[in-house]
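Visitor: Here is how the chains run, residue by residue.
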Amino acid sequence: MPFLQNAWYVAAWTDELGTGSLMHRKLLNQDILFYRRADGSPVAMTARCPHRFAPLHYGSLVEGERVRCRYHGLEFGPDGRCVKNPNSDGPPPQIGTRTFPLVEHHQLIWIWMGNPDLANPAEAGQEYDYLGQPDRYAVCKGYLHLACNFGLALDNLMDAAHVNFLHDSTLGSEALTLAKTVLREEDGVIFAERFAPDGAPSALFGQLRGNCEEHVDHWADGRWQAPCRISLKVGVTAVGAPRSEGMEIRATHLLTPETETTTHYFWALARDFQLDNSMLTEQLGATTQAIFTNEDQWMLEGQQQMLNGESFWDAKPKFLAGDVATAAVRRRLDRLIRAEQG
Amino acid sequence: MPFLQNAWYVAAWTDELGTGSLMHRKLLNQDILFYRRADGSPVAMTARCPHRFAPLHYGSLVEGERVRCRYHGLEFGPDGRCVKNPNSDGPPPQIGTRTFPLVEHHQLIWIWMGNPDLANPAEAGQEYDYLGQPDRYAVCKGYLHLACNFGLALDNLMDAAHVNFLHDSTLGSEALTLAKTVLREEDGVIFAERFAPDGAPSALFGQLRGNCEEHVDHWADGRWQAPCRISLKVGVTAVGAPRSEGMEIRATHLLTPETETTTHYFWALARDFQLDNSMLTEQLGATTQAIFTNEDQWMLEGQQQMLNGESFWDAKPKFLAGDVATAAVRRRLDRLIRAEQG
Amino acid sequence: MPFLQNAWYVAAWTDELGTGSLMHRKLLNQDILFYRRADGSPVAMTARCPHRFAPLHYGSLVEGERVRCRYHGLEFGPDGRCVKNPNSDGPPPQIGTRTFPLVEHHQLIWIWMGNPDLANPAEAGQEYDYLGQPDRYAVCKGYLHLACNFGLALDNLMDAAHVNFLHDSTLGSEALTLAKTVLREEDGVIFAERFAPDGAPSALFGQLRGNCEEHVDHWADGRWQAPCRISLKVGVTAVGAPRSEGMEIRATHLLTPETETTTHYFWALARDFQLDNSMLTEQLGATTQAIFTNEDQWMLEGQQQMLNGESFWDAKPKFLAGDVATAAVRRRLDRLIRAEQG
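Protein chains in written order, with my numbering: chain A, 15 to 356; chain B, 15 to 356; chain C, 15 to 356.
Hints in this document: simulated from the structure, not taken from any laboratory.
Among these hints, one or two may not hold up.
Below 16 angstroms or equal to it, Euclidean Cα-Cα: the simulated EDC-like pairs (lysine to aspartate or glutamate) are [unchecked claim]: (1) B:K194 x C:D103; (2) C:K332 x A:E89; (3) B:K332 x C:E89; (4) A:K332 x B:E89; (5) C:K40 x C:E274; (6) A:K98 x A:E77.
Every beta carbon over 12 angstroms from chain C, so not counted as near; a handful from chain B, in silico [what the hints assert, rightly or not]: (7) G34; (8) D103; (9) L132; (10) N134; (11) E141; (12) D143; (13) Q221; (14) R257; (15) I351.
We put the beta carbon where it would ideally sit given N, CA and C, even for glycine.
Produce the entire structure from the sequences given, and follow the hints as far as they go.
Guide: Structure below.
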């Protein structure tokens, strides 16, 4: 299955890309070079030197603006054009490397790998503004490299049903698992919402409330936007009380295909309570990374192995009642990819 | 070359499959899950959950009968049908995973990977009854994972000629090597028999007799049954004496393709003498495993590397006079596979 | 891109092939066995036993002349014909393994992998006679296994432009880098010559002269012969003085494809000064191996990774003014290969 090209993907967390250094990451099976200009603005270009294919990330940054290839000293400006050939007295050669539109905000660097004329910066994940509002949200975040197709991770994240089983001792809530998923679609964005009134909280929220027994109203509202942007508001409040009186965690899950069988996974949790409790931030971060690594990643990579080279659709997945959100996302994404391929 | 599907293959030694646990093994390029029901009877099913491809062997056994998927908690009965979906109040979904006919006897678990209507349990290796008769035979056995196509191992096992060279210091007998192979075929079973009267015994039998010099009558009677069942009776007796007065070892070699380039190899030696000598059983077992590992496996995997991606037939093997049995087996197996493929 | 078949390639350094042992090396994606006959002359044959594909290099040498297969004891003479089958009383089977013309001189063993009728021993690298003249040249040499297509190494070696950048602290000379390349072709051999009068010497020659400041006349004369033979005379002399009064190093670079993405690289440096300074020979050897490993190999393998499975031409290399020699070599080699493929 080809990747959707005309879309914003997360390239990196803002703090992954320092000043004065070159960073390489493979995205959608393309080798990309990242760096920051002297003013801090990020630049992305094809990492393969157009001259003779040297990895530009083996090179260096000149005057904080240009990349110098380590092989022959050609220099490329932030627009990808060659601006200097030290091996010749003439003008620089009319060659260049492809650059990619980037948007950096809310701790994330977004990249557009498709037709640049179609790139609208206003569509680059502005819904994650809460990741950059430390006065309103305390955020912990992480990164995982997954040895599976991004689609399997997408399934996992849209899938409330697995939580009670795969994460039985951590995130599971039987009430939420059995709650009906209300699915709606608005402008291509799929919302999958679950509400479980008057039930036991999950172990996590029980702990946060300091009471695992007392019943609560529990919700989990998912949101997917093509191709790989998922957010989930999970919260509890006293039975019958308004949500604003309870506590809510906004879970952000952003996937970017590296290759057909490997995936970059960026995740974050933002909470609107106990903002100054940095110990809690640490704990939530470490616990989440451990759960994703030991439970989800293990399972996702196992699925990839079971596919044994077969594609997802050729393997004929069976969608059950609990999979309405997963199925809706898979089908919509497939339609988008087919439409793009023409 | 596709694998012969409608045939019994060895899946495991009986003692490899415990009670209460799930075992995964890839056979004929398919991931298979094994477990024992509460009554001890073995079950085999496709290890890939039909729902969304989770490895069922990551799951657990429920009430000694059902497999529960670790991902979403779906439960599958020993017939492969889904019997429970904990994420829904409705009836279990009409989905299932494929099961495979098994026969367990004489220390071996046999599996039928082809059309189940054609599976006849009476054909599942009943000729190896001597592996399960401790009052008549002392048995040692083992398992090797080979990084080669099963066909190369098959050649090796039908091939008396290599013994004197590859195993010169251990199993070799020049007399047997030079003996003419008498080949006959009965109901698709190929017999390859060699008899060397009045010659020196192999190092092994010389040692067992306590006399490496004295001449003996030596025999090696091979038997192949499609696709990968080989047994070999090797023995010595005093010159001119009946075989029943000598000593005989029944060597069993059972191969199951894992992938096109890897193979499961189950072997056993059963002897009809010194039954109570458990030290001898240990020694024979350790020696055999060492010979197979250091001499045969090394050679077989070297052949696979020399094929360098080419198929056996494309590489144009030259069959010599000593290869009559090997050639007969290869050709018959190829005919069976072509007939099955239609 | 297929390899050029009708050509001499370096198989090994003379001292890599001892007496009494078998050596295996993969060349042009073929497994080749090498050994020396009793008289010391080298023999090359397909390493795959024609009988049933055993690696002949697992075998042994018999009477210094014949290779005995470890699997079945077949023996092959230096002409590749089977001369003995110990498993049969009859004449040896009419089978054989392919042999290859070899030429050994000047410390190198050359092999012809194409049509043997076209092999002319007089064309096997006689221009490297200086490697075998210890009274006139002091030689250090080495071998690297490169994880890249041989073409990328070829580019590197014909390419004066990279020296000043990739090897800035070691071999670089700005004067030579900016010097114009004079290209000429004689009988299919491409010469690329650079001359930089009255400039600073490279760090290496400055050190050898004991003076890094004083200006010199500097030259670098490259020579390529299809498919993978490159030599380079690099030297300095006092400004205006004849070359014969200066010092010159003859660098030899010989590439042999192992597979499409791996390459054998044989290199040597021969100098015509300080012949008795064995410490200098050691130092030059160690330094060169370190430069090639840490700078060139690192870059070449990086380029291979950036190709990401694409072929060199499909990736559309841009040839600049400084690449005249590289481009000429690539194009001529491509013409030869296309002509050979017909």
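Visitor: Now, for every hint given, state plainly whether the structure supports it.
Guide: Hint check:
1. Of the supplied pair hints, the one linking K194 (chain B) and D103 (chain C) holds, its CA atoms being roughly 11 angstroms apart against a limit of 16 angstroms.
2. A hinted pair counts as satisfied when its Cα atoms are at most 16 angstroms apart, and K332 (chain C) with E89 (chain A) qualifies at roughly 14 angstroms.
3. The suggested pairing of K332 (chain B) with E89 (chain C) holds, with an alpha-carbon distance near 14 angstroms, which does not exceed 16 angstroms.
4. Distance check on the hinted pair: K332 (chain A) and E89 (chain B) sit about 15 angstroms apart at the alpha-carbon level, within 16 angstroms; holds.
5. For the hint pairing K40 (chain C) with E274 (chain C), the CA-to-CA distance comes to about 11 angstroms; that is within 16 angstroms, so the pair holds.
6. As the CA atoms of K98 (chain A) and E77 (chain A) are separated by approximately 13 angstroms, the hinted pair is consistent with the 16 angstroms bound.
7. Here G34 (chain B) stays apart from chain C, with its beta-carbon at least about 44 angstroms from theirs, past the 12 angstroms limit.
8. With a least beta-carbon separation of about 50 angstroms from chain C, D103 (chain B) lies farther than 12 angstroms from that chain, consistent with its non-interface assignment.
9. In this structure L132 (chain B) is separated from chain C by more than 12 angstroms, as the shortest Cβ-Cβ distance comes to about 33 angstroms.
10. Separation of N134 (chain B) from chain C is adequate, the least Cβ-Cβ distance of about 34 angstroms exceeding the 12 angstroms criterion.
11. Under the 12 angstroms C-beta cut-off, the non-interface status given to E141 (chain B) relative to chain C holds; the minimum distance is some 27 angstroms.
12. At the 12 angstroms boundary, the C-beta of D143 (chain B) stays outside the reach of chain C, the nearest C-beta of that chain being 33 angstroms off.
13. Every CB of chain C lies more than 12 angstroms from the CB of Q221 (chain B), the least distance being 23 angstroms, so the non-interface label holds.
14. No beta-carbon of chain C comes within 12 angstroms of the beta-carbon of R257 (chain B); the shortest separation is about 24 angstroms.
15. At roughly 20 angstroms from the closest C-beta of chain C, the C-beta of I351 (chain B) stays outside 12 angstroms, upholding its exclusion from the interface.
Going down the numbered hints, you'll see the structure goes against none, and every one checks out.
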